[in-house]
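A.B. asks: Now for the letters of each chain:
Number of protein chains: 2
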Amino acid sequence: MIELYDTTLRDGTQREGVSFSTEDKLNITKKLAAAGIDYVEGGWPGSNPKDIEYFRKVRELELENTKIAAFGSTRRPGIKADDDMNLRAIVDSGADVATIFGKSWPLHVKEALKTSLDENIKMVASSIEYLKARGMEVFFDAEHFFDGYKSDSDYSIQVLQAAAEAGADCLVLCDTNGGSTPDEIGSIVRVVKDKVSADIGIHTHNDAELAVANSLVAVREGAVQVQGTINGYGERCGNANLSSLIPNLQLKYGYQVVTAEQLKRLTATSRYVSETANLLPPAHMAYVGESAFAHKGGIHVSAVLKNASTYEHEDPETFGNQRRVLVSELSGKSNLRYKAEELGIELNDQNENLQEVLKKIKELEHQGYYFEGAEASLKLLLERARGEYEKLFSLESVRILTDKKETNDPNSEATIKVLVNGERVHTAAEGDGPVNALDKALRKALVKFYPEIKEIALVDYKVRVLNGQDGTAAKVRVLIETGNGDETWGTVGVSTNIIEASWQALVDSIQYGIKFKASKEAV
Amino acid sequence: MIELYDTTLRDGTQREGVSFSTEDKLNITKKLAAAGIDYVEGGWPGSNPKDIEYFRKVRELELENTKIAAFGSTRRPGIKADDDMNLRAIVDSGADVATIFGKSWPLHVKEALKTSLDENIKMVASSIEYLKARGMEVFFDAEHFFDGYKSDSDYSIQVLQAAAEAGADCLVLCDTNGGSTPDEIGSIVRVVKDKVSADIGIHTHNDAELAVANSLVAVREGAVQVQGTINGYGERCGNANLSSLIPNLQLKYGYQVVTAEQLKRLTATSRYVSETANLLPPAHMAYVGESAFAHKGGIHVSAVLKNASTYEHEDPETFGNQRRVLVSELSGKSNLRYKAEELGIELNDQNENLQEVLKKIKELEHQGYYFEGAEASLKLLLERARGEYEKLFSLESVRILTDKKETNDPNSEATIKVLVNGERVHTAAEGDGPVNALDKALRKALVKFYPEIKEIALVDYKVRVLNGQDGTAAKVRVLIETGNGDETWGTVGVSTNIIEASWQALVDSIQYGIKFKASKEAV
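Chains as they are written, first to last, in UniProt numbering: chain A, 1 to 523; chain B, 1 to 523.
For the record, the hints were derived by calculation from the structure and aren't laboratory data.
Heads up, some of the hints might be wrong.
[Stated by the list, open to error] For lysine-lysine, the following DSSO-like pairs were computed, each having C-alpha atoms within a straight-line distance of at most 27 Å:
#1 A:Lys448 / A:Lys475
#2 B:Lys359 / A:Lys306
#3 A:Lys517 / A:Lys391
#4 A:Lys306 / B:Lys110
#5 B:Lys362 / A:Lys50
#6 A:Lys50 / B:Lys475
#7 B:Lys462 / B:Lys417
No experiment lies behind these values; they were computed from the predicted model shown.
Take the sequences, apply the hints, and build the full model.
C.D. replies: In structure tokens form, the structure reads like this:
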């Protein structure tokens, strides 16, 4: 039995740019529980008031198979465990599990704690005894354990033995600086396993791009708890990535760590955590990345379409991911045909459009368009190539004015003239910025003719500067994600003028939405 | 002796979004040679006319210790090697080395090549003989070798033996689908090593986040050539990452793969390749990432400042990277003090400003500001807190108009009123978009008073949408990088209105540039 221990909510937030609200943390906890995580480390109640609120609210979730852990350090030197505010906060948190970290490397005892090696061992033991006496399950994170072992193996083992004797339920060996190799981790875990009676856990960091392999070798040598974070978020190069470790343990090594149902949630969990952290989901990540099963070269695509195992090591649906065929400069006809079918458009070899459309796509990609995330724009492009595109409205003119006085926030206003069904509409709207004003004015002009537009809302708006070295005259690519409550679709626009790029993506999003995604009946 | 073989220019370009011009490829070749790469795979002359030009021009570089390899496949079934255009193109390329890939997995022989197992072995042998007869060093990439071995070990070994007998200088075992584990790679390489006489190489992919570990275990079992790409670029989840493998081999396993001098170029090489590929350098990458030695937690920072080995597994300067201390929500006073010193501002504990400034920073970061990439804005903020900020101009009003008619590109124009040294300036400018127009108008207004502004130019402009789910009303963060030819500095602005966010970053960039970076004498 291998236990999964997630520390996305604590160690994960050490990553640059990551910060979660209490609500975020509760939502992520639910997702982690649904994905089969056994332990969720929710935070450090002794160091962060925001975390106390989390521990209060997380009890209301009534999770069935997932336990919540509160993190903290061993007591301070020279005081009683009873008098340590940090330990008391762990107990007060009401968490099921206490995970406390302590030193096992003499360098840290002397330089960071400024205490004696002996007192450090007492700190470890008395802290664990204190928490155990209060009925908690206690995990001991032996910080810098592998560096400690390499510098003074006797002392580092003594610390573990003291923790085990004090009643720790698991001794988690931490490669805190992330510089150990699988050879080292393997041989050290083997020795430790013989010298201590308690269960062993493993907590690695990715500073040598070896965190996943290091965790696996520790499991092979007998570790029963694996700590990590979703997407490998964490300080510096990050923590061991549970998004890779879970399928590796389950599919490559045959451990039953989660159910098949839970494994299917892995990709969604990974994406949910990145969205909540406001980071782009890492596209090239093993198993769960958007590109993990994306095929670009024409040879690969035609082979995969015949037999997926030719270029796929696993079936992506097992962990909730999917195959993607990329339409790009390197694409052959098989890519485009596959994509067209997916979009519900018939193309055949005899169809000379195929060559033309490929050429057009390559030309547009050269200009900076990117259809991999904008399939609605691609579908409209294919429609245009087949003469099937029906223009729902046309622009006569638009004018956007942004006014700023002194240090006040600016006002933006758009006035627009469009032709719809032969009728000219002239209207205006204010917005939070020039693009928002444009969006509102266009919707206002169209709503009389296409009332179903009310069902369609923008869900994401992204701007990517393509050639930043040209400063504010740079070319930008705008990607818009639009939804009708059930589904979303992506569209793209490119220009040196952000208004023009936004306009292109906006027009496609509305055109596509009205034609394919909104039901007139519902209005 | 371990040989490094780089395929960034060939396998690396299979990554989504990567495409190199011939000039790019030549420049990258020079950087790779300077970083100590033994073999650079330049391209596939038989499949790509752009690559032929590369091979012609690369000869003019006269590289001393780096050999250039041309890539291609074994001959087609049923023809003579002499009649295969692809093999001929490899010879004609004038490269030192031919690297040809062939099948060693029966599934691929039958499904992809549609030929017999016997003919496939003849294809491998005769192709290698053909290239050897023309005086080339020949490497045989056994595509899907590990999958082949797992499905039919006898056949996969026969293919290798045929390649060795035909004279291949190295048999490169490829984990093409990237799904093998270190345990499998280790035990298979051990068997192969006993059964073939030629040198063994290793080529892995990262589909299970194990490519680096898999390459290392192969080396431990006797492989002498390691193939990979800079930053791990490659199809799907990428290739084995040479940016991690080189320091791992050299520093963790003690192989002398490059000189100390060459190792120092590693970070610059990694960044150069991402910039050329027009991708953001991967910040959290092991060894070379911008965040690989970035410390955020207050405890870590104070420990690292006392003794770097407490939280750093290697000295970042060894491979040309550097330590960074982040100023963020989680920061303590030691981060801010370190940063202030770096920026040339004295702060001390007694200074009550320190607490206030920290609070202000946390508040601004909460709103979406991000000082990790905007140290000029941070310095101005510290100046304001100390009452040392001298405002060089103030805005009375600005109005930006964008006009678009039908399908034409829009025009953007800004009119601005600013007060400089008590004088009101009222002017206007056109630009490529609203922000460019604003930038130009402001510069026009200021140039009379601060002629040194002409030295300052915007070098990068980035827009990040912070809460994309609010559609076009989302909050955006603008990061501007400005330079004076010698140095660059970063500034930041945040608002729901992109014009306002750009204005904030623009004002800081100019304020900072005039005060600290432009020399009046030079004008």
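A.B. asks: The structure should be examined with respect to each hint, and the outcome stated for every one.
C.D. replies: Against the structure, the hints come out as follows:
At roughly 35 Å between alpha-carbon atoms, A:Lys448 and A:Lys475 are farther apart than 27 Å, so this suggested pair is violated. Using a Cα cut-off of 27 Å, the hinted pair B:Lys359 and A:Lys306 is violated, with the two alpha carbons roughly 60 Å apart. Proximity of A:Lys517 to A:Lys391 is assessed by CA-CA distance (about 16 Å); at most 27 Å being required, the pair is judged to hold. A C-alpha spacing of about 12 Å is found between A:Lys306 and B:Lys110, which places the hinted pair at or below 27 Å, so the restraint holds.
Between B:Lys362 and A:Lys50 the CA atoms are separated by roughly 14 Å; this keeps the pair inside 27 Å, and the hint holds. Between the alpha carbons of A:Lys50 and B:Lys475 the distance comes to roughly 24 Å, so the proposed pair stays at or under 27 Å and holds. For the hint pairing B:Lys462 with B:Lys417, the CA-to-CA distance comes to about 26 Å; that is within 27 Å, so the pair holds.
The structure fails hints 1, 2 (numbered hints given earlier, in ascending order).
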